[in-house]
Amino acid sequence: MSRAEEAALLQSDRNGWLLVTPALIVLGLAAILPLLVMLVYSLLTPGDFGNVELIFSWDGWVSILFQRDIFDDTLGLADAHLTIFWRSIWLSVVTTVLAFVIGFPTAWFIATRPPRERSLWLFLVTIPFWTNLLIRTFAILEVIRSEGLINTALMKTGMIQEPIQMLYTDGAVLAGMAYVYLPLMVLPLYAAIDRFDMRMLEAAYDLYASRWGALRRVILPIVSPGIVAGSILVFVPSLGAYVTPRVLGGGKNMMIGNFIELQFGQGRNWPLGASLSMLLLVIVTVALLFYVRAANRGTQTHG
Amino acid sequence: MADRFAVNRLPGFTTIAILAFLALYIPIVTLVFFSFNAGKTVMDFNGFSLQWYAVAWGNTTVQEAAWRSVVIAFWATLIATTAATMAALGTTRRRPFKGQTAVYVAINQPLMVPEIVTAVALLIVFAWVKVQTGYQGLGYLILAHAAFCVPFAYLPIRARLEGMDLSLETAAADLYATPWATFRRVTLPLMAPGIVAGAMLAFITSLDDVVITEFVKSAGQDTLPTYMLGQLRRGVTPEVNAISTVLLGLTVVILTAFFLLTRERR
Amino acid sequence: MKQMMTALALVLAGPAFAEGELQLYNWGNYTSPELLEKFEKETGIKVTVTDYDSNDTALAKIEAGGAGFDLVVPSANYVPIWIEKGLVQELDLTKLPNHANIAPKWMDVAYDPGRKYSVPWQWGITGVAVNTSVYGGDISTSAIWLDPPEELKGKINVTPEMNDVVALATMYVGGEPCSEDTEVLKKARDKLMNAKQYWMSMDYGMEDKMATNDVAASVYWNGAMIRARLKNPDVKFALPKEGFVTWMDQVMLLSDAKNVDQAYTFLNFIADPQNAALISNFARYGSGIAGAEDYMDDVMKTAPELQIPADMADKGRFIPTCGPKAQEYVTAIWTELQK
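Chains as they are written, first to last, in this note's numbering: chain A, 2 to 304; chain B, 103 to 368; chain C, 29 to 367.
Calculated from the structure, these hints are not laboratory results.
Remember, it's a predicted structure, so these values are computed and weren't measured experimentally.
Any given hint might turn out to be false.
Only pairs whose alpha carbons sit at most 25 Å apart, straight line, appear in this in silico BS3-like list of lysine-lysine [as the list claims (entries may be wrong)]:
#, chain 1, residue 1, chain 2, residue 2
1, C, Lys-214, C, Lys-269
2, A, Lys-253, C, Lys-224
3, C, Lys-66, C, Lys-215
4, C, Lys-219, A, Lys-253
5, C, Lys-74, C, Lys-286
6, C, Lys-286, A, Lys-253
7, C, Lys-343, C, Lys-329
8, C, Lys-367, C, Lys-329
9, C, Lys-353, A, Lys-157
10, A, Lys-253, C, Lys-181
11, C, Lys-181, C, Lys-367
12, C, Lys-123, C, Lys-181
13, C, Lys-66, C, Lys-123
14, C, Lys-224, C, Lys-286
15, C, Lys-269, C, Lys-367
16, C, Lys-219, C, Lys-367
17, A, Lys-253, C, Lys-367
18, C, Lys-286, C, Lys-123
19, B, Lys-232, C, Lys-343
20, C, Lys-74, C, Lys-181
21, C, Lys-329, C, Lys-269
22, C, Lys-74, B, Lys-232
23, C, Lys-113, C, Lys-286
24, C, Lys-264, C, Lys-214
25, C, Lys-353, C, Lys-113
26, A, Lys-253, C, Lys-329
27, C, Lys-367, C, Lys-69
28, C, Lys-224, C, Lys-74
29, C, Lys-214, C, Lys-224
30, B, Lys-232, C, Lys-367
The whole structure should be built from the sequences, with the hints applied where relevant.
In structure tokens:
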């Protein structure tokens, strides 16, 4: 390693820190600091009417797993919390997979258009998302409800006699979430696929690879940074999702996001809301680290 | 070769993509359609009418809310994308500096916590600042939005950077280009699709935000989503559809103009 | 660059303090634009309405401080909380000549005797609404949603209002709202948990969803059901004979309000029966101001949903503010139900 290269590396480290500073400042003020506040709140006592009293208590954390039966005061396992967590994680996983299955072909399609057309297609993909979330969710509601678009069309053509109940089902929430998070999968994938060198594919086919083999062993590994980015952007926010499950799910089956929101609302247990969020954060961070490490293991590093 | 097939065609992909595009647009078309509803609600089409556009025209609250959403989203996107681009440059394609994982987690932190938590916490923090300084402008909302937009901008930019080949930049350096010139004329243009993707995601995310805005907003600072949220309890009126259609139309016009202008340069 | 900084500065500048302006923090879609227009025309004061969607959000925001509102419109059961926390100030009645217009039955309420802190906005009833084309039987009962008939199973909605729903369930099993009797509460909880499997949702927006047959029955508010009935005449609202709940929202002046004089002008304005009628016509709920009925529109004058028949009068309970122990029970039952 030449002297110049050594010096460059050290400078590179310093530059690295300098470059991340603006992001750290913005996040430090408006994301990390609030999180620390919440951590403190998770260790306080709930006030009578929401908010907290400045009295230390472990209850916020204990009540994640254990709860007292309200009438006979016996301590039992808060299995309902686990059910809610599990339901949310499962829903988020399925949403991510669905978004990937739909998003990858879409990103591939856009990236393989002639260069002049690509921006147009990207444009077309993102236009729906320039309307806001609540309105789009209501529009979905309009399409799937009992007298909505789909049911009316199906009944008019005689395919069904009674309207299909689509609203307020888990399927509706799934469809809604996949819809809402689709651009978050497509855009990173597109950015990665766009850089993919087609000659690699040609080489693979020249070596008698099947299409699926080429997909599995050439394309996917190389665009995996995009897959990782897209999956993170879909899975993680969908875990804490609150609006879409509420509007399309009917509020009967809570997701973890709704449940935490309840604690800050009528549930009047801010410490529990705070501790549940911390727990969610830990789970997600661990999952993220595993995922990123696994995804990077298979890639070739460039440069 | 006799059986030359298109290298970049994968079976079924085009079909799925086209179906996806269609599915994406059905709710949008529905929403635009209902903005012309002669009936009274967002359900129940009753005939064609421009009444909701008239109502939206007269409803300054909704217009201000929509405009406010756009202003906040614009500034938040600007700040977030800049910060994210710099952060991406700082964390990829160099040897990992100490604490880089921590930085990575910090940058993505807003994604990992449900918005309600950040919202309540920001309420507490900002409320204290508001009482101390008496400042009540949009700054808090812009800062809050910029913060949660950073990871959305960061991840696509980083994905793009990671896939980039260093050889072009090395070539530029070999040709005696200064680091800044290399950056400006080689790296940045190569990163452009990632930056654009990141900026678009950030903008969309900011426009959509409901929970954090609801808690951080001060008097008279409703955005379009919080305005709608307030209506959820008592029935949503189609003037929101009308406003959204107008916004959508404006966006299409602006982006088309942008698109056409940048095409000339090629 | 300079232009951008100027633009940035303009955007960040706080609101200019105009002479005639007022910041009202109210429920979404609850303030008549006609009322505000009339107010501005008569007094020159511009009212800016900011929305909230729950009592708890409003309380949390104001308690945190610095939000810049002048008036807020909490529900009756929250009023004592606001007063106790010192978030609202006592009204100077010399500045409110119309205060005497408050209807006698709404003047000395348990949560604000003599109306020293609040001026009524609207009042309503939480009861049961059924689409009679789906179910033709007796609908004046909470059995509709707690022991539902076959035709309605799986098509019922229950409004996600903790206090209303738990109170209704408690009365159904023979207790009183805000009961601390654990036997009664246990029965109420079990009844609710058993009935949940027959519910489709716990959501708002029933004025639309019942009109379009997405939901066949619901526990909901009378005013919203007027709107549903106007779209779909099959929708009928009824008062459960086991007990129903009435509530009221009222306007209060915040302790740190900046536009105090304008606030008094507004409070006085809405205590005038003609203006109170405008409020009621908009959201379709009753008014607490005497004589407002005479100025309401025909829909309101003929609406059966607004009337409480004499024989049902004693079955209604005005939703009380529960003591801390009772409130804990209510919250615990609700949290369990929501899982």
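For each hint, the structure was consulted:
no.: 1; hint: Lys-214(C) x Lys-269(C); in the structure: holds (21 Å)
no.: 2; hint: Lys-253(A) x Lys-224(C); in the structure: holds (8 Å)
no.: 3; hint: Lys-66(C) x Lys-215(C); in the structure: violated (51 Å)
no.: 4; hint: Lys-219(C) x Lys-253(A); in the structure: holds (16 Å)
no.: 5; hint: Lys-74(C) x Lys-286(C); in the structure: holds (14 Å)
no.: 6; hint: Lys-286(C) x Lys-253(A); in the structure: violated (42 Å)
no.: 7; hint: Lys-343(C) x Lys-329(C); in the structure: holds (23 Å)
no.: 8; hint: Lys-367(C) x Lys-329(C); in the structure: violated (41 Å)
no.: 9; hint: Lys-353(C) x Lys-157(A); in the structure: violated (56 Å)
no.: 10; hint: Lys-253(A) x Lys-181(C); in the structure: holds (15 Å)
no.: 11; hint: Lys-181(C) x Lys-367(C); in the structure: holds (20 Å)
no.: 12; hint: Lys-123(C) x Lys-181(C); in the structure: violated (54 Å)
no.: 13; hint: Lys-66(C) x Lys-123(C); in the structure: holds (20 Å)
no.: 14; hint: Lys-224(C) x Lys-286(C); in the structure: violated (46 Å)
no.: 15; hint: Lys-269(C) x Lys-367(C); in the structure: violated (29 Å)
no.: 16; hint: Lys-219(C) x Lys-367(C); in the structure: holds (15 Å)
no.: 17; hint: Lys-253(A) x Lys-367(C); in the structure: holds (8 Å)
no.: 18; hint: Lys-286(C) x Lys-123(C); in the structure: holds (16 Å)
no.: 19; hint: Lys-232(B) x Lys-343(C); in the structure: violated (47 Å)
no.: 20; hint: Lys-74(C) x Lys-181(C); in the structure: violated (49 Å)
no.: 21; hint: Lys-329(C) x Lys-269(C); in the structure: holds (24 Å)
no.: 22; hint: Lys-74(C) x Lys-232(B); in the structure: holds (23 Å)
no.: 23; hint: Lys-113(C) x Lys-286(C); in the structure: holds (19 Å)
no.: 24; hint: Lys-264(C) x Lys-214(C); in the structure: violated (31 Å)
no.: 25; hint: Lys-353(C) x Lys-113(C); in the structure: holds (19 Å)
no.: 26; hint: Lys-253(A) x Lys-329(C); in the structure: violated (36 Å)
no.: 27; hint: Lys-367(C) x Lys-69(C); in the structure: violated (50 Å)
no.: 28; hint: Lys-224(C) x Lys-74(C); in the structure: violated (46 Å)
no.: 29; hint: Lys-214(C) x Lys-224(C); in the structure: holds (15 Å)
no.: 30; hint: Lys-232(B) x Lys-367(C); in the structure: violated (37 Å)
The structure does not agree with the numbered hints 3, 6, 8, 9, 12, 14, 15, 19, 20, 24, 26, 27, 28, 30 stated previously, though it agrees with the rest.
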